Every structure is written in C-alpha cells, then in structure tokens.
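Now for the letters of each chain:
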Amino acid sequence: MDWFEVISENFMVAGGRPHETLARLQDSYAVVPHGVSLAVGSVEPLDEEHLRQLRALCDRIDPPWVSDHLCWGRAPGVHLHDLLPLPYTREAIDHVVERVKRVQGTLERPFALENVSTYMAYRDSTMQEWEFVAEIAERADCGLLLDCNNAYVSARNHDGDAARHIDAMPADRVVQIHLAGHTDKGAYLLDTHADHVCEDVWDLYRRSLARCGPVSTLVEWDDAIPSWDVLAAEAQRARAERAAVLAQVIP
Amino acid sequence: MSALAAQQRTLAALLRRGSSIADDAEASALATGNARLTGAAQVEIYREQFFLRHVDALREDFGAVAHLIGAEAFEALARAYLATHPPRTFSLRDLGAELPAFIGEPRARDLARVEWAFVEAFDAPSLPALDASDLATVTEAEWPALRLALQPCVRLLSIAYPAHDYRASVRRSEAPPPPAPRASFVAIYRGPDSLHGLDLTPAAYALLAQLAAGTPLGEACELASCVSPADFAVDLAGWFRQWTTLGLFSLNAPRQASRTSSGGS
Chain A
0 MDWFEVISEN
10 FMVAGGRPHE
20 TLARLQDSYA
30 VVPHGVSLAV
40 GSVEPLDEEH
50 LRQLRALCDR
60 IDPPWVSDHL
70 CWGRAPGVHL
80 HDLLPLPYTR
90 EAIDHVVERV
100 KRVQGTLERP
110 FALENVSTYM
120 AYRDSTMQEW
130 EFVAEIAERA
140 DCGLLLDCNN
150 AYVSARNHDG
160 DAARHIDAMP
170 ADRVVQIHLA
180 GHTDKGAYLL
190 DTHADHVCED
200 VWDLYRRSLA
210 RCGPVSTLVE
220 WDDAIPSWDV
230 LAAEAQRARA
240 ERAAVLAQVI
250 P
Chain B
0 MSALAAQQRT
10 LAALLRRGSS
20 IADDAEASAL
30 ATGNARLTGA
40 AQVEIYREQF
50 FLRHVDALRE
60 DFGAVAHLIG
70 AEAFEALARA
80 YLATHPPRTF
90 SLRDLGAELP
100 AFIGEPRARD
110 LARVEWAFVE
120 AFDAPSLPAL
130 DASDLATVTE
140 AEWPALRLAL
150 QPCVRLLSIA
160 YPAHDYRASV
170 RRSEAPPPPA
180 PRASFVAIYR
190 GPDSLHGLDL
200 TPAAYALLAQ
210 LAAGTPLGEA
220 CELASCVSPA
230 DFAVDLAGWF
240 RQWTTLGLFS
250 LNAPRQASRT
260 SSGGS
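The listed protein sequences correspond, in order, to chains A and B. So for the first sequence, numbering that gives the first Met the number 0 puts the first residue at 0; every next one is plus one. So for the second sequence, numbering that gives the first Met the number 0 puts the first residue at 0; every next one is plus one.
Just so you know, these hints were derived from the structure itself, not from any lab. Keep in mind the model is a prediction, meaning the values are calculated, not measured. Certain hints may be false.
[To be verified] Here are a few chain B residues that face chain A, going by a calculated C-beta distance under 10 Å:
1) M0
2) A2
3) A11
4) A26
5) A28
6) R35
7) A40
8) R87
9) H195
10) L197
11) T200
12) P201
13) Q209
14) S224
15) V226
Backbone N, C-alpha and C define an ideal beta-carbon position, used for all residues, glycine too.
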C-alpha cells in the first residue's frame with residue numbers, strides 16, 4: 000500500500016484508540032482525511048465545531064489535502080448522516096461556492112469535493128451534474144475528488160453518460176480518484192463499497208487517468224470487507240492500470 | 000425561505016418518516032423519477048437508508064442489548080429512539096448517548112449503560128498513568144489529603160444485573176441466558192490493547208467513586224470502609240496495587256494534591 004484515506008469524523012474524537020491507531024498508521028504511510036459529514040451544501044450554518052475539530056485533525060496529521068462530498072446532510076435539528084444530492088441550480092452553486100471558500104479559509108490547506116452517487120433527480124435541476132460540479136470547483140477554487148464509481152452509479156440511475164461526466168471535469172483540479180464497488184438493486188445501483196470494482200468503472204478509471212494524469216487513486220472497500228489479499232489485489236490492479244495509461248499519455 | 004432551504008426542510012422531514020413515502024405527493028413533487036422508479040420511490044431509497052444506517056449504528060454499539068431483546072424488538076426500540084432522539088451531531092459515534100436512559104426495562108437498561116461505557120472508554124483521551132513509584136514520593140502525612148484522579152477512559156457503574164458478564168459472553172459468540180438480578184459493580188477502562196471490564200466489590204466501587212468525585216483519599220477511605228469494614232481493611236493495599244498496575248489513575252493528580260495540601264487548603 001502506498002497511502003491510506005481515513006474517514007475524518009472517526010478521528011475527530013478526544014483521543015483514545017482512534018488517535019493511537021492513526022499515529023501508528025502515520026509512522027509508515029501518508030494519510031488523507033476524507034469527510035462524510037461536513038454537509039457543505041446544507042442551508043444550515045456550517046458547523047463551527049466540526050470545522051474546528053477538522054482543522055485540529057489536519058494540524059495533527061498534516062495531510063497533502065483534505066476532502067469531503069458535494070452534498071448536503073444537515074437540516075434544522077437533525078444530522079441525516081447521508082450524502083444527499085443537491086439540485087443542479089444556480090442558487091445551489093452560489094451557496095456551495097461561498098461555503099467551500101469558508102471551509103478552505105478555515106483549513107488553510109487544499110480541499111477537494113467528491114461527486115456523490117445519487118438515487119433521485121430533482122425536478123428543479125437546470126443543468127447536468129458535470130456542469131454543476133465543474134462550475135463550483137472553478138468558482139470556489141477548490142480541488143476535485145473524482146469518484147469513478149459514483150459517476151457510473153449516478154449515470155446508470157438517471158440514464159446518463161458517465162463518460163461525459165469524466166470528460167467534463169476540469170482535469171487540472173482533480174487531485175484524487177476513487178474506485179469502489181456497488182450493488183445492483185434491480186431498479187437502481189447502490190453505492191455500497193462492498194464488492195470489486197466493475198469493468199465499466201475500470202474503463203472510466205482509464206479514461207480519467209488519460210485526462211487527469213498522475214493523480215492519486217484510492218480503492219474504497221469498507222463494507223463486506225474481504226481478505227487482505229483480495230483488497231491488496233484490487234489496489235494492485237489500480238496501480239497497474241494507472242501505470243499502463245500513464246505510460247501512454249506521458250512520454 | 001429560499002427554494003434550496005425549503006427543499007432541504009421537506010426532504011429532511013420525509014426521510015425521517017417511520018413508514019414508506021413511495022406514494023407521497025411531496026416526495027413526488029421533488030424528484031423526476033425514471034422508467035424504473037417514480038420520483039417518490041427515488042426519495043424512498045434515501046428514507047430507507049436513513050433507518051438502515053442509524054439502526055445499524057445503534058446495533059453495533061448495543062449488540063448485547065440486541066441479543067437480549069431479539070432482533071425485531073431491537074429494531075422497534077431503535078426506530079422509537081430515533082423518532083424522539085434524532086441524530087444531531089456530525090458523528091454517528093454520539094448517536095446512542097441517550098439510549099440507556101430511553102430504555103425502560105431495567106435489565107436491558109443496565110446492559111445499555113455498560114455498552115455505552117465501552118463506547119466512551121474507546122475514544123476518551125489518555126493521560127500519563129500513575130504508578131507505584133509516583134506514589135513513593137508522597138509522605139505519610141500527605142496521604143489523607145491526597146486526591147487521585149482516574150484516567151478519563153474509566154467508567155464506574157453500579158448496576159442491578161451482571162450486565163458486563165452478559166456482554167462479554169455475547170461478544171464471545173455464546174448464547175448466555177438473560178442475566179438474573181444481582182447487584183454488580185464494574186470499572187470499564189481501556190488497556191494498551193483492548194477495552195476491559197473489572198468487577199469490583201461494593202467497597203472498592205465506593206472508594207473509586209469517591210476518588211473520581213475528587214474526595215481526598217483519607218475521607219474516601221472512611222466513607223468506603225462503611226460499606227464493608229471487614230473487606231476494606233483486608234483488601235485496600237491489594238486494590239491499589241491492582242489499580243495502579245492497570246493504569247486506572249492519571250499521573251498528575253497526586254502532585255497537584257500535594258501542592259494543594261501544602262498550601263493549607
């Protein structure tokens with residue numbers, strides 16, 4: 000393994016075993032915190048305590064970047080703990096851009112937004128997801144974590160075209176790529192991180208690398224976790240695919 | 000209210016509904032649907048996930064309670080709890096904080112208290128541990144006024160059922176019978192490699208509880224000895240040896256107490 004990603008919130012605690020584990024991991028590997036609860040698209044005010052603790056985590060482990068999702072998840076009196084999609088509207092863009100700027104101002108280090116798997120399409124949306132994501136990244140001046148599996152799941156769920164999503168991403172803003180498996184629920188695909196990366200997503204990965212160049216890649220497999228050998232083999236395939244594509248696109 | 004705010008309020012309420020919204024008009028008004036799913040059915044996916052995620056999180060932290068009352072009853076308990084105690088913080092770790100108090104049945108409540116104590120012990124901070132050599136610097140005259148602080152991870156529980164034993168058995172994948180009533184006292188703490196529960200006598204529990212409350216050692220011993228005078232006299236030295244060996248006390252308290260003591264307070 001070259002590096003690890005940790006769920007930020009699992010380590011934003013007072014101490015104890017999470018801090019000890021993280022310290023041991025840092026002894027040998029680069030570690031990047033990846034959040035699931037910042038809710039950057041929520042209308043509720045940003046959670047200042049969350050930001051304070053995230054800043055403290057970053058100060059402790061000094062990651063090259065930190066990421067969270069382009070979604071919402073908080074509402075008055077409740078944290079839904081989900082990566083809920085935003086409507087692709089100008090209002091949502093303006094809202095998220097302002098919030099991402101504030102997050103970056105607090106963290107004072109590179110911040111990347113990840114595209115999420117979506118299961119609903121808003122009637123209010125006035126543009127494609129890739130237009131929404133790209134404009135936010137440009138106006139907020141932030142990085143992108145391109146999740147190839149999420150792009151695939153969302154495209155399948157909404158009869159869209161994941162390749163167009165990949166092609167529309169501002170390549171110079173992509174700092175990381177996610178790969179993962181999903182579960183076919185019949186009427187829709189569910190992003191479960193519980194299986195191998197499917198061949199269609201490997202295709203999207205190669206396409207992404209050809210556009211974005213040598214960005215870091217992480218395989219997410221955090222449910223129905225297989226043996227270490229199986230997990231390591233999946234990471235090894237990502238490494239091999241990456242090397243093969245980069246050998247072609249980088250003279 | 001902006002359109003975005005209105006949407007999020009509506010969705011947040013829909014996703015917390017206790018029953019399906021697959022035919023709900025508000026949900027249908029939000030989402031387009033497709034050839035396979037109506038708009039409301041698309042929103043229903045998120046509602047299902049809300050309950051799956053949060054019930055699973057509670058089951059993970061309260062696995063022995065789930066074992067005791069059964070999967071179906073636990074699901075009902077978790078859903079009733081979520082209805083009145085919605086998740087409010089950014090971490091699922093905090094979700095079950097109020098569940099022990101929410102449970103009315105005494106046996107399951109005691110078990111939930113034990114399980115939550117383990118959750119708290121897991122990520123409480125560590126302070127440098129006090130050992131026997133640290134105590135060697137305390138003079139005999141200073142002992143009665145000495146204040147000993149427990150490590151932040153230590154949780155002391157006085158319960159009416161031996162819930163700690165039951166939890167340990169469940170975690171060993173055994174099928175223990177429901178615990179019968181028996182007054183039990185336990186210290187839950189984090190060791191170097193894992194979490195532990197230490198059974199205590201009533202007097203030992205009373206002493207640790209007094210020390211945890213900041214009572215000076217002399218007064219704490221007097222109060223605890225009233226619980227079981229005979230046991231207390233015999234066991235006191237052994238308790239301290241065990242507790243310091245296990246690292247239950249933090250380092251800085253006795254020196255602070257010594258300073259306080261010499262300051263005349």
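- Structure versus earlier hints - violations, ascending order: Hints 9, 10, 11, 12, 13, 14 and 15 contradicted; others consistent.
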